[in-house]
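K.L.:
Just need the whole structure built from these sequences, with the hints factored in.
Sequence lines, in order, name chains A and B. Following the numbering used here, the numbering of the first sequence begins with 144 at its first residue and continues without gaps. Following the numbering used here, the numbering of the second sequence begins with 235 at its first residue and continues without gaps.
Please keep in mind that the hints were generated in silico from the structure rather than gathered at the bench. Note that the Cβ used here is the ideal one computed from N, Cα and C, for glycine as well. Accuracy of the hints is not assured; some may be wrong.
Said to hold, decoys possible - Residues from chain A shown here face chain B by an in silico Cβ test under 10 Å; the list is partial:
1) I154
2) Y156
3) L175
4) V178
5) N202
6) N240
7) C258
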Amino acid sequence: MSYLPKSPWLIHYDASSCNGCDIEVLACLTPLYDVERFGVLNIGNPKHADIFVITGSVNEQNKPVIQNLYNQMAEPKVVVAIGACATSGGIFRECYNVQGGIDKVIPVDVYVPGCAARPESIIDGVVKALGVLEEKHKNMTKVAK
Amino acid sequence: MGERTIIPFGPQHPVLPEPLHLDLILEDEKVVGAVPSIGFVHRGLEKLVEKRDYHEMMYVIERVCGICSFIHGQGYVQTIEEIMKIEIPDRAKYLRTIWAELSRTHSHLLWLGLMADAYGFESLFMHCWRVRERILDIFEETTGGRVIFSVCKVGGLWKDIDNDTLKRIISELKIIEDELKPLTDVFIKDFSVQKRTRGIGVLTYQEAIDLGAAGPTLRGSGVALDMRKLGYAAYGELDFEPIVEKDGDCYARTLVRIREIYQSLDLIRQCISKIPDGEIEVKVRGNPNGEYLSRIEQARGQVIYYAKANGTKYLDRFRVRTPTFANIAPLLKMLPGSELADVPLLALTIDPCISCTER
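P.N.:
What follows is the structure, encoded as structure tokens:
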């Protein structure tokens, strides 16, 4: 990935995470890691966002919320699943109210490992997502032509 | 009386990283009622005690909440140690206290940042989180983790902090205190910040007691109740008093948390000056049998752990009652009568930790 024509904005949703990954996602935005210098903004509105950063696993209650947020995002969009819970259910996979990773509900493009995921790996995941976003964007313009 | 409107707040909301959902009933701009709905983060980890033995369970309990993970772990092992009548070495008690107080500092700084963000003071949010990274650096140096440490175990600790590192922590605390001073001055003295916090969401002394508030929400209303005074871990040998503010508004609760940060830094210094040399763990034999209910003070308030063991390595029942659960009733008391624009502020002022509440 060398050059991006736009600043990627991301939306963050806590599915059923323990907060560990969430505060690390926020830590990425604050002065030590500061992804805002790359133009990455944490935005509350799904319609403005390109990257869906999601932590925690899926349960019956938050399933419609995740789908709703995903459907509201405009194409092209990328989903980044952060932490062990979002990828597979993690330490809680045997709990009765945990159905597994985010990929049970929506397609996931990038998986970030770790419990809790470190800010470095979250940034790495988002950078990988930028590559996927560019790829998707190219495919879309091809279809349009 | 105007027409009533219902506005959903959450579960995905920019001001809170967590899914808190409130249905706000409005008359024009005034909130007249609020109905919370929960269950977005429920995992059901208490039932995992049937599948994980009492040693492994410690790592699950740490993940009740990623913000005060250490204090949750500490509360759980203390409960099991009480059932098994294990007396841990003094050094382990002091180290647990140091980590617990560092956790409290980091949690309060995180809250101060989010609070600043709630009234749109973004640079203050950034600065609070910048100072907080220094505490996370201490965590990383001493435990290897930034938010989840897994250093507690039944019978003591996995890791020791050597005396050189303890000395370095003291000098680091000095830097943190110096950097913190100008930031907390903004929270205390700034005119526009006071405009947003003073007289907002008042909870009186009697209401706080009647509704069973916990932690800074309770102490902000003038009730001096701090579980650390029970003297668990090394708190019995430290010199401190619960921090109390009288006004019961958002400003008072902010003030309580700010003063608690300074108190925590002082407690860490006291611990480091008194810490004895020696072992950090004792051998644990057998399985727990019996039941125990322990109360400890988390950054958000009193948290209760109940464990019932049956002599096998799997517990019969484990239960956590978290401070945010206790504070939801006071929140619902504060919301009616407030402006819609103050709702995020009020929701934050109890320092909600939804993943604790729903587990």
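K.L.:
Would you check whether Y156 (chain A) satisfies its interface hint, that is, whether its CB is within less than 10 Å of any CB in chain B?
P.N.:
Since the shortest Cβ distance to chain B is 5 Å, the answer is holds.
K.L.:
At a threshold of 10 Å, is the proposed contact between N202 (chain A) and chain B supported by beta-carbon distances?
P.N.:
7 Å, holds
K.L.:
Holds or violated: N240 (chain A) as interface residue toward chain B, Cβ cutoff 10 Å?
P.N.:
With a minimum Cβ separation of about 4 Å from chain B (threshold 10 Å), the hint on N240 (chain A) holds.
K.L.:
Tell me if C258 (chain A) is really an interface residue toward chain B, meaning its C-beta lies closer than 10 Å to one of theirs.
P.N.:
7 Å, holds
K.L.:
Just to be careful: measuring from the Cβ of V178 (chain A) to every Cβ in chain B, is the smallest value less than 10 Å?
P.N.:
13 Å, violated
K.L.:
Would the stated hint for L175 (chain A) survive a check requiring a Cβ distance to chain B of less than 10 Å?
P.N.:
Holds - the Cβ of L175 (chain A) comes within 10 Å of chain B, reaching about 4 Å at its closest.
K.L.:
Is the shortest C-beta separation between I154 (chain A) and chain B less than 10 Å?
P.N.:
8 Å, holds
Of the hints listed earlier, the one the structure fails to meet is number 4.
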